[in-house]
Amino acid sequence: MVELIPIKSIKDIPFDENLFPGTPACAGCGGLLALRHCLKVLGKDIVIVNAAGCFTLLSIYPFTPFKNSWLYTAMACAPAGAQGIRDALDILIKKGKLDPKEDLKVVVLTGDGAAYDIGLASTSGAINRNLDFYYICYDNEAYGNTGFQWSGATPLASKTGTTQPGRLSPSGAEFFKKDLFEIWRSHKPPYLATISPSHPVDLHNKFKKAEQYKGPKLFINLSPCPPGWATEPSHSTILAKLAVDTGIWALKEAIYGDIKHTHIQKKFKSIEEYLKEQGRFTHLFKPQRQESVINKIQERVNKYWHSVQEYTK
Amino acid sequence: MLTGNAAAAWGVRLANVDYIPAFPVTPQTEIIETLSKWINDGVMDAKFVTMDSEHSMITAAGAASATGARVFTATSSQGLVYGFEMLYTIAGWRVPLVMINVSRGLSSPITLEPDHNDILATRDTGFIQIHCEVCQEVMDSILIAYRLAEDERILLPVLVNMDGFHLSFTREPVELPIIEQVRKFLPAYKPNHAFFKASQPMAQGVAVLGGYAYSYFKYQMHLASKKAIEVYREVSEEFAELFGRTYNTVETYMADDAECLLIMTNSFTTMGKAAIERARARNIKAGLLRLRLVRPFPEADIIRFVKRAKAVAVLDQNISIGKGGIIYSDVASTLYNEKEKPVLLSFISGLGGKNISIEEFEFIFDSLVKAVDKGEISPPQLLYTEAELIEINRLKNIVGKEKHYKFESGD
Numbered sequence: 001m002v003e004l005i006p007i008k009s010i011k012d013i014p015f016d017e018n019l020f021p022g023t024p025a026c027a028g029c030g031g032l033l034a035l036r037h038c039l040k041v042l043g044k045d046i047v048i049v050n051a052a053g054c055f056t057l058l059s060i061y062p063f064t065p066f067k068n069s070w071l072y073t074a075m076a077c078a079p080a081g082a083q084g085i086r087d088a089l090d091i092l093i094k095k096g097k098l099d100p101k102e103d104l105k106v107v108v109l110t111g112d113g114a115a116y117d118i119g120l121a122s123t124s125g126a127i128n129r130n131l132d133f134y135y136i137c138y139d140n141e142a143y144g145n146t147g148f149q150w151s152g153a154t155p156l157a158s159k160t161g162t163t164q165p166g167r168l169s170p171s172g173a174e175f176f177k178k179d180l181f182e183i184w185r186s187h188k189p190p191y192l193a194t195i196s197p198s199h200p201v202d203l204h205n206k207f208k209k210a211e212q213y214k215g216p217k218l219f220i221n222l223s224p225c226p227p228g229w230a231t232e233p234s235h236s237t238i239l240a241k242l243a244v245d246t247g248i249w250a251l252k253e254a255i256y257g258d259i260k261h262t263h264i265q266k267k268f269k270s271i272e273e274y275l276k277e278q279g280r281f282t283h284l285f286k287p288q289r290q291e292s293v294i295n296k297i298q299e300r301v302n303k304y305w306h307s308v309q310e311y312t313k
Numbered sequence: 314m315l316t317g318n319a320a321a322a323w324g325v326r327l328a329n330v331d332y333i334p335a336f337p338v339t340p341q342t343e344i345i346e347t348l349s350k351w352i353n354d355g356v357m358d359a360k361f362v363t364m365d366s367e368h369s370m371i372t373a374a375g376a377a378s379a380t381g382a383r384v385f386t387a388t389s390s391q392g393l394v395y396g397f398e399m400l401y402t403i404a405g406w407r408v409p410l411v412m413i414n415v416s417r418g419l420s421s422p423i424t425l426e427p428d429h430n431d432i433l434a435t436r437d438t439g440f441i442q443i444h445c446e447v448c449q450e451v452m453d454s455i456l457i458a459y460r461l462a463e464d465e466r467i468l469l470p471v472l473v474n475m476d477g478f479h480l481s482f483t484r485e486p487v488e489l490p491i492i493e494q495v496r497k498f499l500p501a502y503k504p505n506h507a508f509f510k511a512s513q514p515m516a517q518g519v520a521v522l523g524g525y526a527y528s529y530f531k532y533q534m535h536l537a538s539k540k541a542i543e544v545y546r547e548v549s550e551e552f553a554e555l556f557g558r559t560y561n562t563v564e565t566y567m568a569d570d571a572e573c574l575l576i577m578t579n580s581f582t583t584m585g586k587a588a589i590e591r592a593r594a595r596n597i598k599a600g601l602l603r604l605r606l607v608r609p610f611p612e613a614d615i616i617r618f619v620k621r622a623k624a625v626a627v628l629d630q631n632i633s634i635g636k637g638g639i640i641y642s643d644v645a646s647t648l649y650n651e652k653e654k655p656v657l658l659s660f661i662s663g664l665g666g667k668n669i670s671i672e673e674f675e676f677i678f679d680s681l682v683k684a685v686d687k688g689e690i691s692p693p694q695l696l697y698t699e700a701e702l703i704e705i706n707r708l709k710n711i712v713g714k715e716k717h718y719k720f721e722s723g724d
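Chains as they are written, first to last, in this note's numbering: chain U, 1 to 313; chain Z, 314 to 724.
Just so you know, not all the hints are guaranteed correct.
[To be verified] Mimicking DSS-like on lysine-lysine, the simulated pairs with C-alpha atoms at most 27 Å apart in a straight line are:
1) K350(Z) <-> K95(U)
2) K94(U) <-> K598(Z)
3) K503(Z) <-> K97(U)
4) K586(Z) <-> K687(Z)
5) K687(Z) <-> K714(Z)
6) K94(U) <-> K503(Z)
7) K687(Z) <-> K105(U)
8) K94(U) <-> K586(Z)
9) K95(U) <-> K620(Z)
10) K350(Z) <-> K101(U)
11) K269(U) <-> K8(U)
12) K598(Z) <-> K97(U)
13) K67(U) <-> K503(Z)
14) K8(U) <-> K178(U)
15) K44(U) <-> K652(Z)
16) K260(U) <-> K214(U)
17) K687(Z) <-> K97(U)
18) K260(U) <-> K101(U)
19) K687(Z) <-> K95(U)
[As the list claims (entries may be wrong)] Just the calculated beta-carbon pair ranges, DEER-fashion:
20) T583(Z) <-> G96(U): 38 to 48 Å
21) K214(U) <-> I492(Z): 33 to 43 Å
22) G524(Z) <-> F63(U): 16 to 26 Å
23) E488(Z) <-> K95(U): 39 to 49 Å
24) E346(Z) <-> K214(U): 27 to 37 Å
25) K95(U) <-> Q494(Z): 51 to 61 Å
26) I93(U) <-> D354(Z): 43 to 53 Å
27) Q149(U) <-> T565(Z): 38 to 48 Å
28) D354(Z) <-> G96(U): 14 to 24 Å
29) E488(Z) <-> D16(U): 37 to 47 Å
30) K67(U) <-> G524(Z): 50 to 60 Å
31) K67(U) <-> T565(Z): 31 to 41 Å
32) Q149(U) <-> D437(Z): 28 to 38 Å
33) K11(U) <-> E346(Z): 50 to 60 Å
To be clear, the hints were calculated from the coordinates, so they are not data collected in a lab. All values derive from a computational prediction rather than experimental measurement. Virtual Cβ for every residue (Gly too), placed ideally from N, Cα, C.
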């Protein structure tokens, strides 16, 4: 294995773009910010296999913002599409029907609805079969493309189209966010990481590291979503950083299941700073402050970090 | 001697398929087990992968086909409808996948035996459909299917259908063709339209905005499917020249002078042919027409034979709940604008593998004769024998329903 020299600064990120502007994505889309960086590392010799979600609308006939190939499948089965393409490329190369120079990296690109909910089985299958592919999940914590409804990735108390705070149920979403990182990690894939558009150097180094492994290389990106989170489009990067600084979005990686946190803070900011920034949590602060709910969220974050060795030692 | 499933596997082996994503489901499983063994033994150079569902399986098959490989997969019944969404999707990708469906009645109640609600549910997806009567035809149809699917004038996936149990598990003599002749008939697949490679980035399966764009691509599929009838004739002629077996879009049996014509599909047609002989012995000018190509619907060929008859019965082994026989509706709409057309009667039987008895066939021909002689048109009939009614009542008694039913009907 070649020794990796991690980049240290944003100035070391390649200048070349593989994702061009002019997409129909919303202004300030945190998913698109991250994707741009992911594609800088992955290069143009890739095929993106997409599931139904916001990014399905990136390629609309006859336009595409990508230098690379693209296949839209359906909502539940992008990893299965990746399996078909990977296997076909392998067998065609093996049989001498395709020049090995024509080979492509296969990259699944889905939102959280596909990754956490409807496509969980097909992802589990692909990871279990040790499929050599990348998975980028742009997680905006709800079904964004249909107008922001509750998904398995929605955090406790978030207001969504289907968890609207009301008289009988004033707190928004009633469940904690599903821990997809741990579900994926239980398969012990060669590489698994969380990323954030606010930490492009960390993102870049993680993709570089992942490149060394054959098998599933999985990424979950916390994607601030201005229309859904009810935030300023220009604040997306700040918000993504705040998620890391408050500890609610832990930057980490797991190699064959062994976890390492890639960003540790001595002291985390209060979760309230993160929640207050977002329209989807305003009901926690007015008309009345819902102290117990805010505490519940903070306690969950605290409990998480107390279980992290690198943090407690 | 090969089962229908083994004949299917041989067709796939002869077609030099590159890739087989699979998922087990009765009564199809023997096909994928056979292929898996051949691949593991090194007698077949292909990649085999067991997927996590039929939905994933059809996706992987379509995606591999879109990458440029020759791909095969197989399913049945519940599996077919579990992957239903992807049938539409990959047909829209215009990829030349060949897939087998081993027909089995759909749940519920859950059963293992055949009828055609599974395969006919997929009739609007864009897949070309070839329905088989015997095991030899299953193998031959796979070779024909790849020729059709990969033809640049078509570029649509193909479903080959056979009945579960009656074909899938029944051994019949099957003649295996010489490999050189197969290569001549079906050369290696060279994709010119759908592929993924580094030197030529391509976006496939992309979204459209606006009904005009959507409609355009759907019309294209329909026109390609209609075109497949003409291509089918070319391909089947070539097949007959090379292998000596003729497969027209429809098969006829004693139909040339038939006044009473029976229309059927798939393996129960063999029983239908025996019924024709019995009817002929009763001096009824009976004949049979079996639909082989079901999508595209071979309208011209149907009209050609049907117009000669005075009365026609469609025996559907499917039921569109709240309407009736599916093939009946298709045949009726095919004939509607013909100036001279026969009387068209509808019969449903053979659901979930229900036997179609000698009495039922007799009833059908009696109805046809009545229609010809006296102009009596019987309404659509759900066929069921007295023996079957006694048997189901016995079962209902066991669960205690029969008594209750009698009480209610006595009110």
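Exercise for review: Output the numbers, in ascending order, of every earlier hint that fails for this structure.
Suggested key: 2, 5, 7, 8, 9, 10, 12, 14, 15, 17, 18, 19, 23, 25, 26, 27, 29, 30, 31
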